[in-house]
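Colleague: Here is what each chain is made of, one letter per residue.
There are 4 protein chains.
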Amino acid sequence: MRSVSYIEDMQQWRSEFSFYIPVNIRFSETDMFGHVNNVSAFIYFEEARVEFLKEAGFFDSGEKNESIPIVADLQCDYHKQIYFDEKLKLYVKVNQIGTTSFDIHYLGVNKDSELCLTGRGRMVNLDAESGKPVPMSEKMKAKLSV
Amino acid sequence: MRSVSYIEDMQQWRSEFSFYIPVNIRFSETDMFGHVNNVSAFIYFEEARVEFLKEAGFFDSGEKNESIPIVADLQCDYHKQIYFDEKLKLYVKVNQIGTTSFDIHYLGVNKDSELCLTGRGRMVNLDAESGKPVPMSEKMKAKLSV
Amino acid sequence: MRSVSYIEDMQQWRSEFSFYIPVNIRFSETDMFGHVNNVSAFIYFEEARVEFLKEAGFFDSGEKNESIPIVADLQCDYHKQIYFDEKLKLYVKVNQIGTTSFDIHYLGVNKDSELCLTGRGRMVNLDAESGKPVPMSEKMKAKLSV
Amino acid sequence: MRSVSYIEDMQQWRSEFSFYIPVNIRFSETDMFGHVNNVSAFIYFEEARVEFLKEAGFFDSGEKNESIPIVADLQCDYHKQIYFDEKLKLYVKVNQIGTTSFDIHYLGVNKDSELCLTGRGRMVNLDAESGKPVPMSEKMKAKLSV
Numbered sequence: 162m163r164s165v166s167y168i169e170d171m172q173q174w175r176s177e178f179s180f181y182i183p184v185n186i187r188f189s190e191t192d193m194f195g196h197v198n199n200v201s202a203f204i205y206f207e208e209a210r211v212e213f214l215k216e217a218g219f220f221d222s223g224e225k226n227e228s229i230p231i232v233a234d235l236q237c238d239y240h241k242q243i244y245f246d247e248k249l250k251l252y253v254k255v256n257q258i259g260t261t262s263f264d265i266h267y268l269g270v271n272k273d274s275e276l277c278l279t280g281r282g283r284m285v286n287l288d289a290e291s292g293k294p295v296p297m298s299e300k301m302k303a304k305l306s307v
Numbered sequence: 162m163r164s165v166s167y168i169e170d171m172q173q174w175r176s177e178f179s180f181y182i183p184v185n186i187r188f189s190e191t192d193m194f195g196h197v198n199n200v201s202a203f204i205y206f207e208e209a210r211v212e213f214l215k216e217a218g219f220f221d222s223g224e225k226n227e228s229i230p231i232v233a234d235l236q237c238d239y240h241k242q243i244y245f246d247e248k249l250k251l252y253v254k255v256n257q258i259g260t261t262s263f264d265i266h267y268l269g270v271n272k273d274s275e276l277c278l279t280g281r282g283r284m285v286n287l288d289a290e291s292g293k294p295v296p297m298s299e300k301m302k303a304k305l306s307v
Numbered sequence: 162m163r164s165v166s167y168i169e170d171m172q173q174w175r176s177e178f179s180f181y182i183p184v185n186i187r188f189s190e191t192d193m194f195g196h197v198n199n200v201s202a203f204i205y206f207e208e209a210r211v212e213f214l215k216e217a218g219f220f221d222s223g224e225k226n227e228s229i230p231i232v233a234d235l236q237c238d239y240h241k242q243i244y245f246d247e248k249l250k251l252y253v254k255v256n257q258i259g260t261t262s263f264d265i266h267y268l269g270v271n272k273d274s275e276l277c278l279t280g281r282g283r284m285v286n287l288d289a290e291s292g293k294p295v296p297m298s299e300k301m302k303a304k305l306s307v
Numbered sequence: 162m163r164s165v166s167y168i169e170d171m172q173q174w175r176s177e178f179s180f181y182i183p184v185n186i187r188f189s190e191t192d193m194f195g196h197v198n199n200v201s202a203f204i205y206f207e208e209a210r211v212e213f214l215k216e217a218g219f220f221d222s223g224e225k226n227e228s229i230p231i232v233a234d235l236q237c238d239y240h241k242q243i244y245f246d247e248k249l250k251l252y253v254k255v256n257q258i259g260t261t262s263f264d265i266h267y268l269g270v271n272k273d274s275e276l277c278l279t280g281r282g283r284m285v286n287l288d289a290e291s292g293k294p295v296p297m298s299e300k301m302k303a304k305l306s307v
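Residue numbers (our numbering), protein chains in the order written: chain A, 162 to 307; chain B, 162 to 307; chain C, 162 to 307; chain D, 162 to 307.
Just so you know, these hints were derived from the structure itself, not from any lab.
Heads up, a few of these hints could be off.
Said to hold, decoys possible - 35 Å max Cα-Cα, derived DSBU-like pairs, lysine-lysine: (1) Lys241(A) with Lys241(D); (2) Lys241(A) with Lys304(D); (3) Lys241(B) with Lys248(A).
With these hints in hand, go ahead and build the complete structure from the sequences.
Modeller: Below, the structure written as structure tokens:
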């Protein structure tokens, strides 16, 4: 297995995920090499992240007007080709919570639980007006810690 | 040549286009059949339409706050497969101007001027506040008639 | 309700659909107007069509090597704006079966069963080697007629 | 300026790029936050990478049948929001060449040469038949070193 900078112990790392969304690979997400285009992985990451934040109550009214979490960086490692008509499980977890930002990790496995995609990315909490990073409220942090 | 409902005389129809954008087919726009995915045609149509309306001064300040042209329908006929690394010319013209809407026609040809894509779609001029169709100003119509 | 060329009696037309896929609107499918980009409708159409043809046994082995159904044209009417986080039902039906081609109709409704998208498009059965239209087998037609 | 793991000295790093493609931000690449969706960055990266490899003669006949460079990982840092109708320059360079793989770096700047996107990703040279990593030929390495 290829070593990935953001994963120390793969077995441990995988065991920490529980939230996931099912992903049905679309025909338009393949490319002429016959498998899923590498760009599509980030579409799946975003869909999973948004669903996760929704579940965590991040888009509930009240919170959203003051600050908004924005993607600061993203990365993906491609471990195994994915083909049209495969069903993926795309897992998401919060890996680390800072003052103004937090890290999200991603794991995509096929129906045989084989590793297809891993990834991570930092979200920064921006003030909706100034666009500058602001500390997350305790309430926000609590939501992410569940 | 296949007959298309919105084209009466193909030669005449083609001769009425002059504005175009160059389209460089991206790898991510192909699919596992090895050619450009059918969804991509509508990406090219939108890019060409937006450039055309920009050129016509449609996004100049002053105009945009009152009403906004929205896509009401779209259609595309696929005449010839398009492959990765091809260069297309995507032509756009205004075909018919009504009171609250206008029709845009699309033509995509390859480097040998062969017909690859034809299409059309209606734009409706909506009031920015109410979201209801409103008559286009004479100024808007003038811009479209050039 | 806007009149659409391929729908004679809307109530009758809607009643003829039964197969559908659920569509979860992705964040990346919206645009800066705040709603679903018009290109995304064709992504949903494709996903629904492919699932439909799969269910109909069209991608079962044996059949696929000889001929392949290709999109000849596509059209979509946008009846109602769709927003991020909405759930759509995207219905598909075969509307008409010819010798070498068939028509697929599309219907997208929101959770209140309101009409959001309607569409249609012709599929042509191409010989996998020559790339020329060939008659569909009785077996193919039977699959589409269910 | 935010620190990025793959950039030691930003000024030095920027000075090493020369190849770029112009990117015209498409309307369909924005999202409801009003700026370019984070997924779109990877579309631009791919387009720039493919053009770069083409220029380097990587898709010339003869070479392609034996081995093929595949994306092993990708990452992007978002330094500044990008908006519809902006023109980007997307720069690409080879950063490091190994035995069976090489690293590509990416830089996206706006018309004022402000840093918008930086990124990197490893390409692995796979044997076209076995799908296993194979050493790159001296010819391939020479192409990448220019």
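Colleague: Just pull the numbers of the violated hints for me, sorted ascending.
Modeller: Violated hints: none; all satisfied.
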